[in-house]
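> Top to bottom, those sequences are chains B and U.
Taken in order, the first sequence gives residues -14 to 306; the numbers are from my numbering.
Taken in order, the second sequence gives residues 284 to 548; the numbers are from my numbering.
Simulated from the structure, these hints should not be mistaken for laboratory data.
Glycine included, C-beta positions come from ideal geometry on N, C-alpha and C.
Warning: the hint list may mix true and false statements.
[Unchecked claim] Derived Cβ-Cβ restraints for the label pairs, each shown as a range: (1) B/D(-2) with U/A524: 35 to 45 Å; (2) U/K285 with B/K172: 19 to 29 Å; (3) B/K30 with U/P532: 24 to 34 Å.
So you can see what is in the structure, the chains are spelled out below.
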Amino acid sequence: MPIVLIVAEQQPDGNLRKASLNAITAGKQLADKAGAELHIAILGKDPAKVAEELKGTGAKAVHVGAAAELEHYLAETYAPALAALATELKADFVGMASTAQGKDLMPRLAARLKAAMATDITGLGGSGADIIFNRPMWAGNVFAEVKLTTPVKVFTVRATEFTAAAGGQGAAEVKTFAPKIEASKTKFVEFKEVKSARPELTEARVVISGGRGTKGDFKEIEALADDLGAAVGASRAVCDAGWVPNDLQVGQTGKVVAPALYIAAGISGAIQHLAGMKSSKTIVAINKDAEAPIFQVADYGIVADLFKVLPELRSELQKLK
Amino acid sequence: MKILVTAKRVEDPESKIKVKPDGSGIVQEGLKYKINPFDEIGVEEGLRLVAKHQGEVVVVSIGGKEVQEQLRHALAMGAHRAVWVNHTGPLDQLGIAGLLQKVTEKEKPDLVILGKQSIDDDQNQVGQYLAEFLGWGQATFASKVESLESAEEKNKEPAVKLTADKKAVQVVREVDNGLATLECQLPAVVTTDLRLNQPRYASLPGIMKAKSKPIEELTPAGLGVDVAPKIQVLKLASPPARKAGIKVPDVATLVDKLRNEAKVV
Chain B
-14 MPIVLIVAEQ QPDGNLRKAS LNAITAGKQL ADKAGAELHI AILGKDPAKV AEELKGTGAK
46 AVHVGAAAEL EHYLAETYAP ALAALATELK ADFVGMASTA QGKDLMPRLA ARLKAAMATD
106 ITGLGGSGAD IIFNRPMWAG NVFAEVKLTT PVKVFTVRAT EFTAAAGGQG AAEVKTFAPK
166 IEASKTKFVE FKEVKSARPE LTEARVVISG GRGTKGDFKE IEALADDLGA AVGASRAVCD
226 AGWVPNDLQV GQTGKVVAPA LYIAAGISGA IQHLAGMKSS KTIVAINKDA EAPIFQVADY
286 GIVADLFKVL PELRSELQKL K
Chain U
284 MKILVTAKRV EDPESKIKVK PDGSGIVQEG LKYKINPFDE IGVEEGLRLV AKHQGEVVVV
344 SIGGKEVQEQ LRHALAMGAH RAVWVNHTGP LDQLGIAGLL QKVTEKEKPD LVILGKQSID
404 DDQNQVGQYL AEFLGWGQAT FASKVESLES AEEKNKEPAV KLTADKKAVQ VVREVDNGLA
464 TLECQLPAVV TTDLRLNQPR YASLPGIMKA KSKPIEELTP AGLGVDVAPK IQVLKLASPP
524 ARKAGIKVPD VATLVDKLRN EAKVV
């Protein structure tokens, strides 16, 4: 039987990166189409807790590889360990969420497996040996149907296009394996976390983003985000200027979000920004410029100053409570 | 230091991309072409490193005769010489990485700097494939701690830092929830993120000088690389259009719509 292997990700804080659950759903869809069995791999210094969480997500087996050398993620140590596992399992497909780690690791792993790869898949087609991957190109202005012709096929999953796999779907067999460790020419120096009390941008139900129109003043955006339990995002211009941390950037070159509600305040709506948010269910645009391209994708638009609209919006929303 | 940088030819990021009715490709008429923005950042970083540590920046591009435009652009920015891999027809990320491997083995640079992704395919693969093919370390999504409006940026300081013994580079990477720093032994592969630097404009004297800088021509056959694509793009389509929205006159109407129509608050 063909094998689909999904690589799950442990965050630096030891928890499971939630996008892994969306990748597992994609893996399940793929396994159904290919008539394959779903397996999950997790690597780390001590991934036992995460493996427990993965057990009930509907896979046949969870492969746990623990080693001290895997404490800090490096493509050069993770790729050989996963390649050895994939080869031993005779995996036909290897996939992972399109997180920063997924994007760094999977091409290196694919190179080891002499595999072709599809990045950021948004859907699946075909059946049996003829699987088709759907993926965005040109900043989401084009969607392509792609076929990989190498024996092993590698992919990363755009998490916002698949639901998160729920727990309680039976109990996968947890198998530990001794990861193949290779010396790395790269060493981990440090990780500086940007801490936030707000929900993670890619997982939030509501996202409020600010652009150049904020002139760097995010106070009103943050206040509204706190009222709504929303995540805060930003346009590229705002990150480039150093007004907010880089990891808040929504767009082709930043994060892709698809919340129930996306509020764009003072964002013109450049192609590269739209690539990161136009799958949102409802889009609200607040902009002084009635001609701003953001109004072409917004369900509801207000042509006005965001510093006037946002406080009003807060007090109107307060009234509803 | 010898630094190899890439300069892929891509559609101008500001252009409106339209799919042909039969889904076989994109409409080429009226499109402008540029050097991939992430590659341009790579050229800039290479130039800054060489300005600080001496050496040479070699720029490589793969494609038909038209990619010489992008090579000349990088030469006008200040790159010293160019390598053109003359190839027409389909090419996938495996093929590109295979060709770059051969060019790298020939040139023996200390560092290869590529864009993290090209804005046409959006694959984000080639740098990582190349690092594995060469058996080198990789630092993807290289960024900087300071903003692009900082004094460091205006002084054109390289963000990729050479260690004291000059045998490794320290690279700050943009990752989920923060910034990670890696130290890569040289030679290594680095891919650029947007906030690594602000690329310079090509000056008029630079453009004049670029005309006399050498472009070496190579071919996939000459490099011994089979570039038959393993990634087949079967069909292209436009994304589903969003239904037209409305402009509302005031915040009260907006809240009413969000509550009763969209049901999101």
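> Now, for every hint given, state plainly whether the structure supports it.
Going down the list of hints, with the structure as the test:
no.: 1; hint: B/D(-2) with U/A524: 35 to 45 Å; result: holds (40 Å)
no.: 2; hint: U/K285 with B/K172: 19 to 29 Å; result: holds (23 Å)
no.: 3; hint: B/K30 with U/P532: 24 to 34 Å; result: violated (57 Å)
Hint 3 from the earlier list is the only one contradicted by this structure; the remaining hints agree with it.
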